[in-house]
Amino acid sequence: KKNSILMSIHHNNLHLSKSPYLQQHATNPVHWQSWNSTILEAAKEEDRLLIVSIGYSACHWCHVMEHEVFEKEEAAAIMNAHFVSIKVDREERPDIDEIYMRALHLMSGQGGWPLNVICLPDGKPIWGGTYIPKERWLKALEQIAQMYQEDREQVIDYGHQLTKGIQQSMLIALNRNPLHIEANDLDQLFSNWANGFDLKEGGMDRAPKFPMPVNWNFLLEYGIVHHNAQALAQVEFTLDKMAYGGIYDQIGGGFARYSVDALWKVPHFEKMLYDNAQLISL
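Residues are numbered in this note's numbering as their position in the sequence shown, beginning at 1, plus a constant of 44.
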């Protein structure tokens, strides 16, 4: 049985998965596995580092990285030779996604999908990133594999320390001090916020542009309560620009997750229920 398990990690087994996202990667030359205790035991048995790659079906950059990296024989050769590669559907395993997203935040201060993390054979993370172009991905894999062979104790120690950081970050201390907010605190908040308004295209002065309905809902309430005409005007202007822009689906209805430009013109073709549900109230 042990030999059959070890042999299985040398083939792509995602065709056995029920997840549509994992099945999309079933034809990759990478020997992808789904997350399970058997595969983790096999990684420890062969003393191989893990590649844990997390995404979901509607993730644009997940598909880009698959096409540019995971479909390439050059990338698969390195991944298959030195690592056990595991694909995770974050919609199927949000618990795993949360742990490794915390790790990425601790390592880099940022996060997103695809979430690609390199781990010790026992699953402790040691390196991570989101979308990574092929050349940088291959260079990172080669360097980390070499480091694990030549300076194993340092790599293992880093994994242990990072895991402690993850555990501590999941312990949220209860704040027993009451929070007092005065009217002038909100006025100052709005003043600072208004410095970033895009007065030409609505929203905030940056690209890409996200709908951020909770922000505009707050500003709407603030404008009404504090009789702030500037806040109310910016909310209305932003919503009009969004409704007339390409971020709004004129045929199917609903708003895309964000526009890739500052004009609300070119949408990222993905609709989020939590965005659209909140936008209804506006």
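Take the hints with a grain of salt, since some may be wrong.
Label-pair distances were calculated between CB atoms; the ranges are [what the hints assert, rightly or not]:
| # | residue 1 | residue 2 | range |
| --- | --- | --- | --- |
| 1 | Ile324 | Pro138 | 18 to 28 angstroms |
| 2 | Gly290 | His270 | 40 to 50 angstroms |
| 3 | Asp305 | Leu60 | 21 to 31 angstroms |
| 4 | Trp237 | Thr82 | 24 to 34 angstroms |
| 5 | Gln190 | Glu265 | 49 to 59 angstroms |
| 6 | Ser81 | Glu280 | 30 to 40 angstroms |
| 7 | Ser81 | Gly240 | 25 to 35 angstroms |
| 8 | Asp195 | Leu223 | 23 to 33 angstroms |
| 9 | Asn261 | His104 | 44 to 54 angstroms |
No more than 30 angstroms apart at the CA atoms, straight line, and that leaves these computed lysine-lysine pairs for DSSO-like [said to hold, decoys possible]:
| # | residue 1 | residue 2 |
| --- | --- | --- |
| 10 | Lys244 | Lys178 |
| 11 | Lys309 | Lys244 |
| 12 | Lys309 | Lys285 |
| 13 | Lys178 | Lys168 |
| 14 | Lys183 | Lys116 |
| 15 | Lys88 | Lys62 |
Keep in mind the hints are simulated off the structure, nothing from the lab.
Beta carbons are placed, not taken as given, at the ideal position from N, Cα and C, and that holds for glycine.
Here is how each hint holds up against the structure:
1. Ile324 - Pro138: 18 to 28 angstroms: 25 angstroms, holds
2. Gly290 - His270: 40 to 50 angstroms: Distance hint for Gly290, His270 is violated at roughly 33 angstroms.
3. Asp305 - Leu60: 21 to 31 angstroms: 41 angstroms, violated
4. Trp237 - Thr82: 24 to 34 angstroms: 51 angstroms, violated
5. Gln190 - Glu265: 49 to 59 angstroms: 56 angstroms, holds
6. Ser81 - Glu280: 30 to 40 angstroms: With Cβ atoms ~54 angstroms apart, the hint is violated.
7. Ser81 - Gly240: 25 to 35 angstroms: Once the Cβ atoms are compared, 48 angstroms apart, the range 25 to 35 angstroms for Gly240 and Ser81 is violated.
8. Asp195 - Leu223: 23 to 33 angstroms: 47 angstroms, violated
9. Asn261 - His104: 44 to 54 angstroms: Cβ of Asn261 to Cβ of His104: about 27 angstroms, so the range 44 to 54 angstroms is violated.
10. Lys244 - Lys178: It is violated: about 38 angstroms lies between the C-alpha atoms, which goes past 30 angstroms.
11. Lys309 - Lys244: 14 angstroms, holds
12. Lys309 - Lys285: Holds. Lys309 to Lys285 sits at ~9 angstroms (cutoff 30 angstroms).
13. Lys178 - Lys168: Between Lys178 and Lys168 the Cα gap is close to 24 angstroms, so the pair holds against 30 angstroms.
14. Lys183 - Lys116: Holds. Lys183 to Lys116 sits at ~15 angstroms (cutoff 30 angstroms).
15. Lys88 - Lys62: Judged against 30 angstroms, a Cα distance of about 26 angstroms means the pair holds.
In this structure, the hints that do not hold are numbers 2, 3, 4, 6, 7, 8, 9 and 10, in rising order.
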